[in-house]
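Engineer: My numbering numbers the first residue of the sequence shown as 3 and each following residue consecutively.
Since the hints were derived computationally from the structure, they do not count as laboratory data.
For glycine and all other residues, C-beta sits at the position ideal for the given N, C-alpha and C.
Errors might be hidden in some of the hints.
Said to hold, decoys possible - Here are the in silico distance ranges between beta carbons for each label pair: (1) Tyr137 <-> Asp173: 37 to 47 Å; (2) Ser97 <-> His121: 10 to 20 Å; (3) Ser197 <-> Pro166: 15 to 25 Å; (4) Asn95 <-> Asn184: 31 to 41 Å; (5) Gly164 <-> Ser186: 15 to 25 Å; (6) Ser89 <-> Ser171: 34 to 44 Å.
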Amino acid sequence: MSLLSKIIRSNGILLHNLKPNQGGGGSQFLRQSTTHHFSTQSEQQQQQRFNQDRAVDAILRQPPREGSVYAKLYGIGMFSTKNDVISLLESCNLSSEDIKVQYNGLFLPVSMVLQFPSHSAYENAVRIMNRKGRYYYYKMEKVAPDHWGFDSYDGKVVLIQGVPRNAISEDIERMLSGCDFNSSSLRFIWRQNFSDSMKFAMVQFPSKVDAMNAVLEKNGSFCLNTQISMRVLH
3 MSLLSKIIRS NGILLHNLKP NQGGGGSQFL RQSTTHHFST QSEQQQQQRF NQDRAVDAIL
63 RQPPREGSVY AKLYGIGMFS TKNDVISLLE SCNLSSEDIK VQYNGLFLPV SMVLQFPSHS
123 AYENAVRIMN RKGRYYYYKM EKVAPDHWGF DSYDGKVVLI QGVPRNAISE DIERMLSGCD
183 FNSSSLRFIW RQNFSDSMKF AMVQFPSKVD AMNAVLEKNG SFCLNTQISM RVLH
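Hey, can you work out the whole structure from these sequences and the hints?
Structural biologist: Structure (structure tokens):
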């Protein structure tokens, strides 16, 4: 076997053994939005993209903070916000960065994971929940730090619902005309709902303000004569 054949065979084995990324949350969505074909990039550009991906992971997949206490909050509704929780637990020193929202397969919020700066802050939250939580139908329980390890959309990703089955990227971009968004981040997602399948679109915006402005301006617009709805994922 020639040297060239050995090299080709070796590379083929390596490619065969590579596994696809199984992550499906915010950081993968952001990484996909900055991905280009290999043939169009120089080595320097590829390194820059790699560094950007690592920065995205560092922001969205932040490790548990030493000394922090974690809890999961159940009973949140479709329109519950991080600010609602911060206001409820106003004396617990929480910020929006200390709260992550978990969604189910249909992108409905099912819980929030809270990161308290200390055990005393968590105990204070327990007292508040015992006193006020029943009025909000909230339930809070302490969880292990590894519950904090999932990705967050951080209020910069918008979910578009009711997308026509035959819609393509250009149709969504046309509907979002005038908004400041990352067109390369746009992707479609199919979800099964009972006996029918639903088509969603996801798109990333430069900031939380841009994402919210797009929802305020474009929610209820039409795509291929079908009315769509939009909401921000946190």
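Engineer: To test your reading of the hints: which numbers does this structure violate?
Structural biologist: The structure conflicts with no hint, since it agrees with every one listed earlier.
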